[in-house]
Structure formats: C-alpha cells, structure tokens
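Q: Use these hints to put chain A onto chain V, whose structure you have.
Going down the list, the sequences are from chains V and A. Quick note: the first sequence, position 287, residue 287 per the numbering used here, numbers continuous. Quick note: the second sequence, position 19, residue 19 per the numbering used here, numbers continuous.
Rather than coming from a laboratory, the hints here were simulated on the basis of the structure. From the three backbone atoms N, C-alpha and C, an ideal C-beta is built for every residue, glycine too.
Simulated restraints on C-beta separations:
no., chain 1, residue 1, chain 2, residue 2, range
1, A, K223, V, F289, 54 to 62 Å
2, A, N55, V, P301, 54 to 62 Å
3, V, V349, A, D207, 50 to 58 Å
4, A, H141, V, K356, 32 to 40 Å
5, V, E274, A, L33, 23 to 31 Å
6, V, L40, A, D126, 51 to 59 Å
Anything over 10 Å on all C-beta distances counts as not near chain V; from chain A, calculated:
no., residue
7, Q76
8, P230
9, R249
10, A251
11, G264
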Amino acid sequence: MRRSPFLMLTWSSLKAYFRNRGAIFFSLLVPLMIMGIFGLINFGSSTPSVNIGVVDQAHNQVSSTIITSLKSIKAVKLHTGSLDSEKHELQQGNRDLVAVLPASAGQGSTAITAYYNQGNPQNSQVAIAIMNQFVDRASFAFAGITPALTLDSRPVQSRNLTYVDFLVPGMIALSIMQTGLFGVVFTFVQWKQRGILRRLMATPMLVRDFFFSQLVTRLTTVALQIGVLLAVGYFLLHFHFAGNVLYLLIVGIIGGGIFLAMGLAISGASKSEETAAPIANLVSLPLMFLSGIFFSRSNMPEWLQTVTQYSPLTYVSDALRSISVDGASLWAVRGDLLGIFVWLAIAVVLATRLFKWEVV
Amino acid sequence: MSAVTQAGDSSLATQSQGFAIVVDGLRKRYGSLVAVDGISFRVKEREIFGLLGPNGAGKTTTVEILEGLRGADEGQAIVAGIDVRKDPDKVKNLIGVQLQSSAFFDGLSLLELLDMFGALYHRSVDAMAILKKVDLTEKAHSTVTKLSGGQKQRFSIATALVNEPQILFLDEPTTGLDPQARRNLWELAESIRSEGRTIVLTTHYMDEAETLCDRVAIMDHGKILAMEPPDTLIQALLDKGFHKDRVERSANLEDVFLDMTGHGLRES
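Isolated chain V (complex conformation) (with noise of 0.2 Å):
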C-alpha cells in the first residue's frame, strides 16, 4: 500500500502541534495580551486636549467670562495661576500656552500676551489658534460689530470608528508575522540542533513533502490565530467588524507565507538559536513598529511614511484593516495585494537561496 508521505507528515506536525498546549496558549496569549493592554489604554479615542494657563491679573467681569467661556472649550484644558507658577508649569512642559490678562483688560484695547511653548509645536500651535479664535470673537463681542462671516457646524452621524477598530486588524497583521516569522525559526533552528532534520534526511523523504507540510501546519495555526483575535476583539473589545471573514483569511494566509519564508531564510542564514533570535528580532521589531500596526502611519514624519507605505506588514495590515473596517473586497485591496505578492516573491527566494538542507 502507498502511502502519502506529505499528508503523514502534514498530519504528523499538526497532532504535535496541536498536542503542545503550552505552545498553543502562548501563541494566542501574546497578542490577545497585547491587543487587551493597548485596547485598554485607547489611545485614539482621547480627544487631544491643549493645556492653557491663564494669568488673571484684572479680577474683573470681563476676565472671568473669558476664563469661563475657555474652560467651555472642550479641548482645553484650563488652568489659572499667578505669572511665575504658570510659567514654570509652561518651562516644565505641563502648558502648550500661557495667556495673560492684564488688569487693564475691558478697558479700551488690551493686549494679551501669550507665552508658548516651543518644546511642543504642534500642541502651542492648536492653542494659540483657539486664543486667536477666542480674542477675535471676545473683541467683536465688547464691540457690538456683528462678524461678517460666521461657521455653522452640523454633526453627521459617522460609523464612530475607534481606537480598537483600527487596532485588531493591525494585531492579527503583527501575530501573523510573529507565527511565521518566530515560530519558523526557533522550531527549524532546534530540529537542526536536534538531529531531527538529519534524521528525516536519513529516509527517502522529499524536501519539497516536508517544506510543504510545515507551511500547511503554519497556516493552519494562523488562521486559528485570526479566528481568535477576532471573536475576542469583536465579543469583548466591541470591535466593528463590516467586512468578509473569508477575504481576511485569504489575506492573512498569503501574508503569512511571506513571514514563514522570510523565517526559513533566517533559519538557514544563522546556524544556533542564538544567532537566530537576534535576527528575527532585527527584522520584526522595525516592522511592528513602522508598519502602522498600534498607530497610525499618518502620525510619522512625511518621509518615514513614503520609506514604510512598502513594507510587508504595512501591505498586510492595510489590506486586513481595510477589509474588516471598510468592508472592502480582494479587489479593492489590490494594490495591497500586489505589494503582499512581490514581497512573497522576495521572501521565497531568499528562502530558497539561504536555507541549507545541511546535514549538520
């Protein structure tokens, strides 16, 4: 009877796999802790909020509604203090701005000085912006002048996407490079240590059985990985999820094959765990943090955003967040898709070129 040795070996390695809970549990644990941790902290709901000192040396009407009508401002926050305790706070970097008022304001035209602070441009810039807006509509106000031009705002009920919406597509981006990429080298790296590939070698198995077998248990686990990620970003994180399971899966398996192929070139570069982890290291590391997974690219400096709009994780987790946040379909993500496919290609030959079938 002929049996299939790459469906024995296929089945082999899922069994042992399967069978190793620790491994199991630590492989969902990690980034089920990861996303829990930063899904927590929320980072992008918090509204960023100015923080403006005011120095009221005029005690009167017309300081004390200008004070009230900035603590009104949802955006600032207010302080109020004498001058040289509200600079102090502004040189430690606790204001973005300090106004003050002078005892002469109400009387005829006043000058308010504002201090900024340089250290936290972007911030001073949003608080003297709020000021200017402020002082503007305050002299008009004393003034009685009615503004030529006034901006009427309406709400518009958006999908009211939050920090967690952008975060689990990201997490399943980054936990499927972590599968390929670690779980690929240390596993490959100890067999080789442990004389199971000289072992294996030793029977007339073929390469290509044996490659193809560990790349379906990979891509088994990741999309078990991606199930679970998701069911508990959308049961407990309450995670708006509008897009294809199917679609996320697709994406996630042929990005996930460019991480596994990226691990056995790892493997077949380094010859010890010790030098394998380091450089595992060396490539996720920049990736997890440049590629858009916990913030948004939008928040990096305009060069750094052209150099990682080309990495393999930014492709996959754009494609991922597209996807389960948009909705969109395979061809809407294809120019994702087309980045995930050179970068495979990439990765396979580098694979096929630094792994080593050496007995050693």
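A: Leaving out everything else, chain A in the frame of chain V:
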C-alpha cells in the same frame, strides 16, 4: 570482469556479490581538510562491522556518505548493490539509520512516530510488531520524552527498522547507557543480525566492538589503519611483545557490578 550485474555499469558492482558494502578510494575534503583520505573496504553480508577511531578520524563523514546524507569528492561506494553517489535515494530505501540523538517530534506516541516513518518509505507498517522486536510494547502510547536512555536508543533503532533494511547503521548506540542497558542493546543488535541484516557500527567503546563485531576497521586522520577481526588485531599486538603493566584478571569491575546488580534492565 565481463559479467553484467543489475547494479549497472559500475565495475565495482560486479565485485559486490556477497558484500553489503564495497568502498573504493573514497575521498572527502572540507576546504583544505581531508576528512576521508581515499579509503577502501568491504563489509560482508550479515556481518557486524565496526568502524572505530578517535573523534575527527573521519568515521562520521564516511558513514554519512554511505547513508547518502553527504556527497563524496572521489571514489566509489556501492551500498546494498547501489552506487550511493549516483542514486542516494535508492540506497536510503534499502538501509536503516539510527542516529545518536533520538530526538523526534514531541507530542507523538511511539506508534504514531513509527507509522509516520513508515509513510516516509510509502509503507504501511505493523508498528506494534516493530515495538515488540525492541521490547517497547508497553510504551507504545507514550511519547519519546517519557523513555529512559536505553529505551530511547531502542526506539531509535525501531525507527530504523520500519523499511526492513538490508543494512542497519548504528551510530554510538550505547553512549550514556548503564551496563545493563548496554548488554540489552548488544542482544538486540545480535538478534537483528540473525534476521539476515548487515550492521555497520560506530562506537568509542572497545569492549563493545570486541563483543559485537566480526571485523573492525580502525580509522585515524581519514585513513584506515587496520581492518581485521578484533581477536586478530589483539593477537598481532601481543605478538609484537606488548604487555600491560597491570595484568587483567579474568573478571573486571563491570563484572562485579553486574554480579551485584544483576542483568535485569532498569527502566520503568
């Protein structure tokens, strides 16, 4: 040499009748280091042949070439009638390889592992029968991690028997075992040979080679220094006038140890 044999055009193949292995002028270099320096030897069918030598003598490289795991630079090696340099995969089908590290997929039982190894030879195996041969039926459903040192070695021999090989390669099979387990493994080797298989053994234990091997080859610096039955080599040394400072008594400490602790295997 006009006879045409099934092994093809190799002239050595015509001489391989009655021999499990025929090696002629085998050479392997690693850069400037000559690991195997043009060695020639023959292993008879149903023989237990020992390959002895200090570390770095070239034993492992020689064995790996014969097993089809490593290429050679020069020379010929006919293993089980097949030119291993031309068709290593065909040789792999006819031989069994036991390696020093009996490390396997964690989490699979002995039965499952034997079943998997069988599939690598496109065979469906009677895993229980193989386990019976190496006296491991009680551990059939355990994983390798639960085995004692001797049991691990016996299991690693079991995986080398799934394809009913003509030639079995044993790589330091008793390293790290207690005297009882070593004797147990020697018995296993004898019983495998009695099934009509040839055994090529590498070992650092001279008592092991003396007990088990019909003939031994002593290697150093990539060359074979001598190749004779152990008794012949010992007699040759004595004939040169060699004598030990301390005359061996007819029993040694190992005999005392075994007398006190018995021959029974200690493993649970």
